Amino acid sequence: MKSLWNKYKQNKLAQGIFLLIYIGITSLSLFMAQRSVTAFLLLLSSLLLLYFTNFKNLTKWLIAGIVLVFLLPFTASNGDAFQSYMEVATLVGIYISMALGLNIVVGMAGLLDLGFVAFFAVGAYTYGIFSTAQAANFMPFGTFPLSGESFWIFILIGCFVAALFGILLGIPVLRVKGDYLAIVTLGFGEIIRIIFNNLDRPINITNGAMGIPSVTPPRLFGVDFLFPSQFYYIVLVILLFTIFTVRRFEHSKIGRSWKAVRENEIAAQSMGVPLVRTKLMAFAIGASFSGMMGVVFAAKQAFVDPTSFTLLESITILVMVLLGGMGSVPGVVLGAAVMTILNLQVLTEVSNWLNQLSLSGVLSIPDALSPAKMQRLIFGLLLILFALYRPKGLLPAKNRVYDENVLKEGSIDPDLGFTPEQTQNENLDTKEV
Amino acid sequence: MSILEVRNLTKKFGGLIANQDVSMTVEKNSITAVIGPNGAGKTTFFNMITGVYQPTSGAILLENEKINGLKPHEVSKKGISRTFQNIRLFNEMSVIENVLVGMHTHLKAGLIGILFNLPAIRREEKSSEKKAYQLLEYVGLAHLLNEKACNLSYGAQRRLEIARALAAQPKVILLDEPAAGMNPKETNDLTQLVKRMRHEFNLTVILIEHDMKLVMEISEYIIVLDHGEKIAEGKPENIRNNPKVIEAYLGSGAVHVG
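Residue numbers (my numbering), protein chains in the order written: chain L, 1065 to 1497; chain G, 24 to 281.
Next comes chain L alone, as it looks inside the complex:
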């Protein structure tokens, strides 16, 4: 059995066939079934299967692209539950993006942030205010609401505004470390929410606790984006951008300096890493993804109010990062997907199922014990279990593996990054170790 498994692990063809059969069966069952959450989830988990194959990275991305862009929307479109599936998939995308942003701050730079949802709120309100008549209350010029075409620019604006808030938060907060930092960021998250809650007087900017209704839907070439199945594609594009950006940063000078600061601040400084700048950059870049998704969220819900941005949201995103594996990009993607689906689909489905059982008189479960209401309990238990048995998360962070043979050969470009007076290169070639 074990040798069979090992053979499978080495054989690309077997993996490909298995993956193809798996995707085929799950997509077919999703296509046939009127409303099958299981089939939907199984099709999504084919991506996890794909992650564990030995294919080249490009192949993996291509297959994932085909599944996400064509297969998933197409096969789900047959049933009447199409929009609810797409709603789930869209939210999964939004949360993955945010979790990846938080992963930069918590996982890579090691700065515990308990108020991360504030940046999401900033993004959402940025679009919410200007795409409704709300902005007319305080803007001396311009006509509001802005048209749906402005949405695309607002994705960028949301990104920059959130990054700005990240820096503004960072400047005072970075004087403290560890537990103190967590408390200060928690406070910041609450402050932002309460400000949005109370900013209806003296000038009505956010419309207070009433929230901002009827946010203008995005518009592209005369088509309004109204349904989750349309937002799904917007989210997919931003998510792709997020993942690529995070990966780029992770294996660059900046990513290394984040990790260095996390591992040992004093050593990092002594190696020339500017502490404040590096931390601010982590805050700003992490926040910017959140801001972008905030804009999308506001447009998708067509309604923004402060209750969407509570402390529980911040903690949920943090749990996604912890569950997936701090600092690990694939881990965080998985963690965020698992948490969102658990939250939106599994718990509700189980609740519905239990309700049906109690209606038919098989079981009687008090309403207070319905799984949908035990979200916090379940998150808490998950965290404890993971802290005990898998402290590094579902897919722990791995260091990049450098190929010794590539590094051995070839010469160093003399005018890149190294001072010309250096003579060590020649010496290095002749030395004996």
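The hints are simulated quantities; they were obtained by calculation from the structure and are not laboratory data. Please read all numbers here as calculations on a predicted model, not as lab measurements. Each residue gets a CB set at the ideal place from its N, CA and C atoms; glycine is no exception. Since no wrong hints were added, every one of them can be taken at face value.
Listed next, the stretches of chain G that the computed footprint assigns to chain L, with coverage defined by at least 3 CB atoms under 8 angstroms from CB atoms of chain L: (1) 86-96; (2) 99-108; (3) 120-127; (4) 131-140; (5) 168-175.
Here are the simulated PhoX-like pairs of lysine-lysine, each with C-alpha atoms no more than 25 angstroms apart in a straight line: (6) Lys236(G) x Lys258(G); (7) Lys1462(L) x Lys153(G); (8) Lys194(G) x Lys131(G); (9) Lys1073(L) x Lys1124(L); (10) Lys1472(L) x Lys149(G); (11) Lys1462(L) x Lys1472(L); (12) Lys1472(L) x Lys171(G); (13) Lys1120(L) x Lys1073(L); (14) Lys208(G) x Lys236(G); (15) Lys171(G) x Lys1462(L); (16) Lys1124(L) x Lys1462(L); (17) Lys149(G) x Lys1120(L); (18) Lys1066(L) x Lys1076(L); (19) Lys153(G) x Lys101(G); (20) Lys1120(L) x Lys1472(L); (21) Lys1472(L) x Lys153(G); (22) Lys1071(L) x Lys1120(L); (23) Lys101(G) x Lys51(G); (24) Lys194(G) x Lys51(G); (25) Lys1456(L) x Lys171(G); (26) Lys1472(L) x Lys131(G); (27) Lys1241(L) x Lys94(G); (28) Lys1462(L) x Lys149(G); (29) Lys267(G) x Lys236(G).
Place chain G on chain L using the hints.
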């Protein structure tokens, strides 16, 4: 020609005087040792030179340019690099990544360049990886390049710290007890390494060390601290027979016996 000059450096932590009026001049390309009993203020002295602590009074000049008051990363940029007494590696990062962090100030990559993965940045990255690999070869850790730093043996961690410090292309390198915890063979290898790298990297070495055999063998000049004050300085042979030094190490009365 002197490269580093320290003038009347004093550091007080509240009522405790860690360093009092310490001065020294370090010649270019020399190996200078700072010795003294435990608690003499040697590491505080290093921490002031590298900007971790700000001196209460006094001045530090690198190539006649004042560097006290600068932040540690600015001091590193000026050309002073160091290792630590209690090893401070980036434990969860791989061996080669540790060295790459050392090159931080010499890499030009910026936000935009990294985001768009510009060709110049890619070349710079490749080049720095090769360079890091050569530095690992130099200290004899090339075969461990993908290992996590925390999994290395004690001696290997010390050598990795040296490789990381060299990656910053310093003019002056400060080694804080580089041989602590090493066995005699490792100490001997380290001695050879320090001697060699001084010439090959055109370095000035300042080191703190308790291993007197090592100190006497490689240093050209020795400064002795005790209770935060400089009690002696000079060539190794003079220091060896200096009664004040013997007293600081062995207690008063030892001079007459030994």
